[in-house]
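Student: Chain C is fixed; fit chains G, Y, P and V onto it per the hints.
Next come the chains, spelled out residue by residue.
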Amino acid sequence: MNLGKVVGTIVASQKDDKLTGTKLQIVRQLELDGSETGAFVIAIDAVGAGEGEVVLYASGSSARQTAVTKDRPADAVIMAIVDSIEVGGKLLYEK
Amino acid sequence: MNLGKVVGTIVASQKDDKLTGTKLQIVRQLELDGSETGAFVIAIDAVGAGEGEVVLYASGSSARQTAVTKDRPADAVIMAIVDSIEVGGKLLYEK
Amino acid sequence: MNLGKVVGTIVASQKDDKLTGTKLQIVRQLELDGSETGAFVIAIDAVGAGEGEVVLYASGSSARQTAVTKDRPADAVIMAIVDSIEVGGKLLYEK
Amino acid sequence: MNLGKVVGTIVASQKDDKLTGTKLQIVRQLELDGSETGAFVIAIDAVGAGEGEVVLYASGSSARQTAVTKDRPADAVIMAIVDSIEVGGKLLYEK
Amino acid sequence: MNLGKVVGTIVASQKDDKLTGTKLQIVRQLELDGSETGAFVIAIDAVGAGEGEVVLYASGSSARQTAVTKDRPADAVIMAIVDSIEVGGKLLYEK
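Chains as they are written, first to last, in our numbering: chain C, 1 to 95; chain G, 1 to 95; chain Y, 1 to 95; chain P, 1 to 95; chain V, 1 to 95.
Accuracy of the hints is not assured; some may be wrong.
Same chains, same names: a pair is fine if it fits in one copy or spans any two.
What the hints assert, rightly or not - No more than 16 Å apart at the CA atoms, straight line, and that leaves these computed lysine to aspartate or glutamate pairs for EDC-like:
| # | residue 1 | residue 2 |
| --- | --- | --- |
| 1 | Lys23 | Glu86 |
| 2 | Lys95 | Asp33 |
| 3 | Lys23 | Asp83 |
| 4 | Lys5 | Asp83 |
| 5 | Lys90 | Glu51 |
| 6 | Lys95 | Asp83 |
| 7 | Lys95 | Glu51 |
| 8 | Lys70 | Asp17 |
Simulated from the structure, these hints should not be mistaken for lab results. All values derive from a computational prediction rather than experimental measurement.
Next comes chain C alone, as it looks inside the complex (with noise of 0.2 Å):
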């Protein structure tokens, strides 16, 4: 899974079937310290994150194993919202 921060979100009426009801967050990926890659993916939101929040993203096939997604047409997944980050014993990041 990949480290990122929800930073705003996409609305698109015309979508395949499969799509429906589900949100698209836009994420942009986080390194350790929570400075911000130029990198960014849109993910469905199966934990209900909200804007501004660290989270966890899935890509590929696994990104269909929660109940939102299974069987959509969606490559990538929020499917945790971190708490805490600790590296070498050290609190990087606290909610």
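Tutor: Chains G, Y, P and V in isolation, oriented as in the chain C frame:
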């Protein structure tokens, strides 16, 4: 998923049988501000996107989860046409 | 899918049983203007592409969705020979 | 698979149900000489790796092939703890 | 598939049960001219490749399509030993 813009079309009469009847669109990957990255992908269109439209495309096995792409040798599908992009409460794009 | 050009062949007599009878083509990835990127991939040919031909190739699990590649340990397949590429109403390539 | 070193842990209480009871490790990707690349991944631990240990991790759908990760929305798994790395007859690393 | 050269071995006694009995080879990715790229991968050997041999390896779910790797948490497999590489009618490599 990734953000892209349909910029063209590929015609291929000699192709695997399973691709018969599909529309092959050229999709340039976009940044959130709408500028084009250097990357592009050839994707099957599952939503009737026209040239110039801003779309979402899914990659990998997830690209085979639409009615149009099921069981086909396709690793990218346009599965949504973008209405709007909002980042940090600011509307970055509106169709 | 990605755009490529068949530039050569690989012969491998000692290989997994499931690869018997497949043709291993060397495919250089192309830009839309036909110039070669530095990247290349070894793909199984499902459409009878010859050297120098511009093709589309699919990667990952989607590469196993042709009759030629089904259940084989192959992560890339040539699944179409390109007739023409049109971008912004301009014909960039014609076979 | 890729070579990595466990450098920390992520705690996420609000997550997809299928992730309950998994341990989320932060794994920095390593070069063969043991130096760290800039890349990292969050992986589920299937072998009880501790901080500082050199490990192998698998990505994509293969990450769901352990008893710990089966059917879970996880795209990376630590599936081995490295005892030794030998390149060109030279021992580069020994636990 | 990608072109690589077996350059070493990894020993890991503590690993997921499904990996028992597999051989973990270190494979450096090669350019077509035989020079090494900086990239490498750890792959399960399905064809008995020895150190120094030029091989093909498959990645992702396709890596699980050999008898040796079926249902295992492995995302890379050596599935062929290269006899020769021919580009543009010129023999670039012969075993």
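Student: Kindly indicate which numbered hints from before are broken by the structure, ordering the numbers from low to high.
Tutor: none
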